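The residues making up each chain are set out below.
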Amino acid sequence: MPIYDQSYRPYRGHLSSHAMRWWTITRTGLMHLFSKKIFLVLITMTFFYPVVAGFQIYFVHQFPEQNLVTINAEFFRMTMEIQLLWFLVLGIYPGTGLISNDLRWNAIQLYLSKPLTKLDYIAGKLAIIGIFLLGVSLVPGLLLFGLQLGFSSDTKFLTSFWWIPFSVIGYSVSASFAWGMIVLALSSLSKNSRYVGILLIALVFASGGMALFFWGITDAEGVIIISVIDELKQLSYLFFGGQGAFGNHGFAAAITLVFLMGVCAATLRRRVRAVEVVK
Amino acid sequence: MMEPLKAVVHLSMNRMIRSRRTVMMALLALLPVAPALFAVVFVSLRQSIGTTGFALATDLFQALYLNFVLLAITLFFGTSLIGDELDDKTITYLFVRPIPRATIYLGKFLSGVLIASLLIVPSAILTFAILSTLDPASEVVSHLSIFARDILILLLGTLVYCALYGFFGAFFKHPLLVGIIFTLVWESVITYIPGYIHRFTVLHYLQSLLPHASGQRGIQELFGQPTSPFVSVITLILIGGAFLGLSCWTVARKEYVLPS
Amino acid sequence: MTGAVLECRGLSRWYGQVIGINDVNLDLAPGVTGLLGPNGAGKSTLLKLITGQIKPSRGTVSLHGQTVWDNPDVMRRLGFCPEQDALYENLTGLSFVASLARLNGYSRAEARERALKAIGKVDLLDAKDKKVGGYSKGMRQRIKLAQALVHEPEVLILDEPLAGMDPLARRSTIRLIREIAADGGTVIVSSHILHEVEAMTRSILLVHHGRIVAEGNVHEIRDLIDEHPHRIFLGTPEIRRVAEALVKWDDVQGIRVDDEGLVVETIRPDAFYSRLPGLVLEHNFKVESMISADDNLQAVFDYLVK
Chain A
313 MPIYDQSYRP YRGHLSSHAM RWWTITRTGL MHLFSKKIFL VLITMTFFYP
363 VVAGFQIYFV HQFPEQNLVT INAEFFRMTM EIQLLWFLVL GIYPGTGLIS
413 NDLRWNAIQL YLSKPLTKLD YIAGKLAIIG IFLLGVSLVP GLLLFGLQLG
463 FSSDTKFLTS FWWIPFSVIG YSVSASFAWG MIVLALSSLS KNSRYVGILL
513 IALVFASGGM ALFFWGITDA EGVIIISVID ELKQLSYLFF GGQGAFGNHG
563 FAAAITLVFL MGVCAATLRR RVRAVEVVK
Chain B
91 MMEPLKAVVH LSMNRMIRSR RTVMMALLAL LPVAPALFAV VFVSLRQSIG
141 TTGFALATDL FQALYLNFVL LAITLFFGTS LIGDELDDKT ITYLFVRPIP
191 RATIYLGKFL SGVLIASLLI VPSAILTFAI LSTLDPASEV VSHLSIFARD
241 ILILLLGTLV YCALYGFFGA FFKHPLLVGI IFTLVWESVI TYIPGYIHRF
291 TVLHYLQSLL PHASGQRGIQ ELFGQPTSPF VSVITLILIG GAFLGLSCWT
341 VARKEYVLPS
Chain C
832 MTGAVLECRG LSRWYGQVIG INDVNLDLAP GVTGLLGPNG AGKSTLLKLI
882 TGQIKPSRGT VSLHGQTVWD NPDVMRRLGF CPEQDALYEN LTGLSFVASL
932 ARLNGYSRAE ARERALKAIG KVDLLDAKDK KVGGYSKGMR QRIKLAQALV
982 HEPEVLILDE PLAGMDPLAR RSTIRLIREI AADGGTVIVS SHILHEVEAM
1032 TRSILLVHHG RIVAEGNVHE IRDLIDEHPH RIFLGTPEIR RVAEALVKWD
1082 DVQGIRVDDE GLVVETIRPD AFYSRLPGLV LEHNFKVESM ISADDNLQAV
1132 FDYLVK
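Chains A, B and C are the protein sequences, given in the same order. Adding 312 to a residue's 1-based position in the first sequence gives its number in the working numbering. Adding 90 to a residue's 1-based position in the second sequence gives its number in the working numbering. Adding 831 to a residue's 1-based position in the third sequence gives its number in the working numbering.
Quick caveat, the hints were computed from the structure, so don't treat them as lab data. Since the model is a prediction, treat every value here as computed from it, not as a measurement. All residues carry an ideal CB built from backbone N, CA and C; glycine is no exception. Some clues are possibly wrong.
[Stated by the list, open to error] Covered, in the sense of this in silico footprint (three residues per stretch, anywhere, with C-beta under 8 Å from a C-beta of chain B), are these stretches of chain C:
no. : region
1   : 921-935
2   : 1086-1095
[Unchecked claim] The list that follows gives simulated cross-link-like pairs (lysine-lysine, DSS-like), each with its CA atoms no further than 27 Å apart:
no. : chain 1 : residue 1 : chain 2 : residue 2
3   : A       : 426       : B       : 96
4   : B       : 179       : C       : 1117
5   : A       : 349       : B       : 344
6   : B       : 96        : C       : 962
7   : A       : 349       : B       : 96
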């Protein structure tokens, strides 16, 4: 009768590829967030304006003689701009806790002691917030475009604005990536997520206030890209065309955001470490 | 009650002063100094700005102090009063002492207001001093009383917002999120609704106290008729007192359970 | 109960549908009491109720007749060393203890003096001016103990006080706890390290599933556990002869042969011990050792909880 070895044996089964290991972090983070009621309420609230916009599209087609609103590229750009409010809110919760909580509980050492690289860790965390940011920008944008197409009785809208879905995708991905990196970089600066939240608010409001002040002194519209939120707004003009109260500085905003991404990447590289330095 | 209160204030101040986060908040409070310096450099390069240093100071006061520095600093310190002790799991040390919990909270509130004021007021004074270099000395002297009133408004705002955000910190599990939604939605969006509803915002009463023209112009555009300064001060004190009382009551009765 | 310092009557606490503590009745007299139980038994809930951190759902907990919840005056007589490794990292050890002493109502000078005394008791005077953030785990545990002792409380509640300490520090802390009890203090020590609780006290409180399972002296409790006869090891080269003699005794329920002796199972260990010397002399047995295998806290814990 054979006697089988009951001692420890290493796992010999299939291992997922390295390319997808970041997904484990993302999936765990998403499951954790979706288990919280407050987060579900927050996500529901993010669809408030897209629902309103949906009704606007409906009323435009039901009552065309009223000329309620024009459904064009500016309509979709404005939707993206209004949804930026939720970028800030989602940046605060759950964004600020993404890395700061791991710093607080010394969890980064646990992550990096597994066969995960820093890049896997950062990508996994970025994907958590990125998914939600895309959820409040890309998803409503495409749904509203689909709704408009559905209500259209001819192909005029499609032939004129066939490029809008690509602009929605392009803008949503760029803005989500940029904002996600900013939030992650700030989150890596402290163990206290509340403090990170204040830094995020400071970045948004201080840069906005200073941009307005500099514009008041210099009268140069381009200074508006000092404001982080206005950079994202200006980026929308790059994808959708048109211009706002401060003109169209989409290209300059894009360059500034790329530079900011570099700073964020450098910050994350320095702050995400497998060791804790005790002074 | 005074001795335990002093002890709590001393412990809280000791903690906050030594904290790196307070240093960062001080730098945050000094952010408006940068545009002020920029304006002075801009003028010194002989670029005309078409306005006075005082007008710039009042614009900066409105745009950055009232709408950013005051809110950011009080939001941080207000929500941290209880929040930091909970996050750091040190609240047990305070609650197992022979001091009523309300007194503990009051002591932490006073230290929070003190620290916030020590960060905000010098920054405002520095900004005013820098921008005053653009104006003749006689004009600067005549504006000093207006500036003093601005400082008092900042102090009153610090007191009221610390009380408000302190209540969020004592009551809610995510006080920062609640504070942001309150500030972005209630204090900002409500101002666009006509009628008397904007009288239910703290910002309305602070704006009503502003002595300088830009503030009043802003009020006329957004708020309609401002409230009289006397009523504004009384209302702000009542709001601050009410939220402080609510916070003390909440802290005395709520169970702050730390995970084992 | 006369002399009870801490009383619990019908004490219950639940969290939603989960019962933390269920109908606990307790009287604690001065001395050291070890609070034991597996994870999730309700020890932390009981300590939180005793220290007034949470309110009972039902029943009362009182210290010298005064209700604990929402009664700051009671805290003058109570010192608590929490389990959490949480301190004011930016303060020095002396500042930390002195600041908390001031919250007890002492003046600045007196608080400092008391803090120095308390820090001296836990052998941390050398590190008193160093920031707490730079302390080792054992030092952090000792400074926590110091803040609990600084106001010389009558009742000391210690949640895992020895965690992270090196063996020397553990010995001196156990000695300190016993000294406090000898001076008339009441100490409740919650710990998982059974042999260290045994070194501090024979008086235990065993909690399981939110209820008090056993209370009192370890030996008395052990004696009452009838379904688990006492196991006594007798080291002897004359295994068969000794076994043959012992098996005739009524209270010997079983004998197991070991390589080096016998393991005897008896329901009346005291009677066994008193008769054994006579038996050895009568038959001239060679008995080299006698060990009570399970008259200890581990056995009590295992039999009552597992």
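Hints, one by one, checked against the model:
1. 921-935: That given contact holds, which follows from 8 residues of the region 921-935 of chain C lying within Cβ reach (below 8 Å) of chain B.
2. 1086-1095: Coverage by chain B is violated here, the residue count being 0 at a Cβ distance below 8 Å.
3. A/426 with B/96: Not OK: residue 426 of chain A and residue 96 of chain B at ~49 Å, beyond 27 Å, violated.
4. B/179 with C/1117: violated, 60 Å
5. A/349 with B/344: holds, 21 Å
6. B/96 with C/962: Within the cut-off at roughly 23 Å; holds.
7. A/349 with B/96: violated, 40 Å
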